[in-house]
Each structure stands twice: as structure tokens, then as C-alpha cells.
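Participant: Here are the chains, one letter per residue:
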Amino acid sequence: NAGVTQTPKFQVLKTGQSMTLQCAQDMNHNSMYWYRQDPGMGLRLIYYSASEGTTDKGEVPNGYNVSRLNKREFSLRLESAAPSQTSVYFCASYRRAVEGQPQHFGDGTRLSIL
Amino acid sequence: EDKVVQSPLSLVVHEGDTVTLNCSYEVTNFRSLLWYKQEKKAPTFLFMLTSSGIEKKSGRLSSILDKKELFSILNITATQTGDSAIYLCAVRTGNFGNEKLTFGTGTRLTIIP
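Protein chains in written order, with the working numbering: chain A, 1 to 114; chain B, 1001 to 1113.
This is chain A alone, in the form it adopts within the complex:
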């Protein structure tokens, strides 16, 4: 079982370049999430999608856009990358129809902006 798959695993960008991080889950989950993790900051929610066709801002949405392409896929786009967006990005999914289920995480994308 693949679970939550993120691509790419690593990426280096120059300031001002654009980039889309891809996330796909094969668990038929309704909700999907994008987080960033910085040293000493824990995971902070960027955007989430409670169901196909809906997206909502999280704690740190500035500089990002998202697309819930279908039930499986949720992408995160940086339109004009900035050094402050250097981070590890995690995608997660959750089956909200069943209480007591945890979020499942992908392995992360390590992004460096020069």
C-alpha cells in the first residue's frame, strides 16, 4: 500500500521561481492537508481540503496556492518562491467519515530556496 505519496522528495529553487508540489493518496480519504515544518516550529498548517472541491486557509497560507484536483490529489503551488519558504513540506490525509482515525502523512518534500 502506497498511502500518501509526495513528489518530488527534494528540490532546490532560485528566488522568484515557481514550483508545484504534488500529493496523492490511495486510501479513499476525504480530507487532505499541507503542512510545513521548520526547526523548532513543529508542523504548521498551510491549506487544507475537507472534501473534493473545497479548500481552506490554515495558519500560514501567504505565498501559497492549492488545488484539490480530485479526491486523490492535492497540490501545493509556490508562485514566486522566497527564501522564507525553505522548509520541509508534508502532505497528510484523513478519513473524516470514521471518528477515531489519525491523519496519515507522506514522507515530505525538502525544499530549499536560494
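Think about it this way: if two alpha-carbon atoms lie no more than 35 Å apart in a straight line, the pair counts; the simulated DSBU-like pairs of lysine-lysine are:
id : chain 1 : residue 1 : chain 2 : residue 2
1  : A       : LYS57     : B       : LYS1040
2  : A       : LYS9      : B       : LYS1040
3  : A       : LYS71     : B       : LYS1037
4  : B       : LYS1067   : B       : LYS1057
5  : B       : LYS1037   : A       : LYS57
6  : B       : LYS1056   : B       : LYS1003
7  : B       : LYS1041   : B       : LYS1003
8  : A       : LYS57     : B       : LYS1041
9  : A       : LYS57     : B       : LYS1067
10 : B       : LYS1037   : A       : LYS9
11 : B       : LYS1056   : A       : LYS57
12 : B       : LYS1003   : A       : LYS57
13 : B       : LYS1037   : B       : LYS1057
Rather than coming from a laboratory, the hints here were simulated on the basis of the structure.
Given the coordinates of chain A, assemble chain B onto it according to the supplied hints.
Facilitator: Below, chain B without anything else, positioned relative to chain A:
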């Protein structure tokens, strides 16, 4: 604004010791509290707690929630080097169908052989 605070931020102990990690929270519309272990990559799920006073246990790890005092603890007994990791506490909030997690900063646990 929802807030989750973990303590200590970092802990170094010897193999065989027992450790207690703390998580306090101030949130709106609490649904559950979750503990994750993070080694090199993705956080992996440990426990989900929804009711006060009921201990969840898995091997040497256990956790309990106090909804009156708004905190949870994660205990690890007879620690091993494989327990070295960042332990993350998260609180699920929101109405059913629109939930989200707010994470604490994590506790970095290091076990010395």
C-alpha cells in the same frame, strides 16, 4: 487562536530510564488529541485520546488525557535507543467534516546507550 504547547523541548536520558512528555492546549471546539513519533521522515501515529482519564497503552508507551486541566502526558518506560525521535502532540478541532490539527513544537528525545 488555537495553541498547543509541549514540554520539555528537548530531553536526554539514559537507556532504561522512564520519561514523561507533556502537552497542554488551549483550543476552540476540541475533538481529540493525538501523539505522533517522528524519526527521519513522516510522523507516525501513536495514540488518539478523546476521553479524560482513560489510559491508552501500547507496549512501553502510554498516554492519558485530562480535559478539565487541558493537558496530556506521554510516558515511555524502559527507554531504548530506538525511542530517540521527536514526539509531536496535536489537537484536532473543528466541526465534523471540517476538522484540522494544530501541532505543538515537539519534544526531541535522545536516548544514550
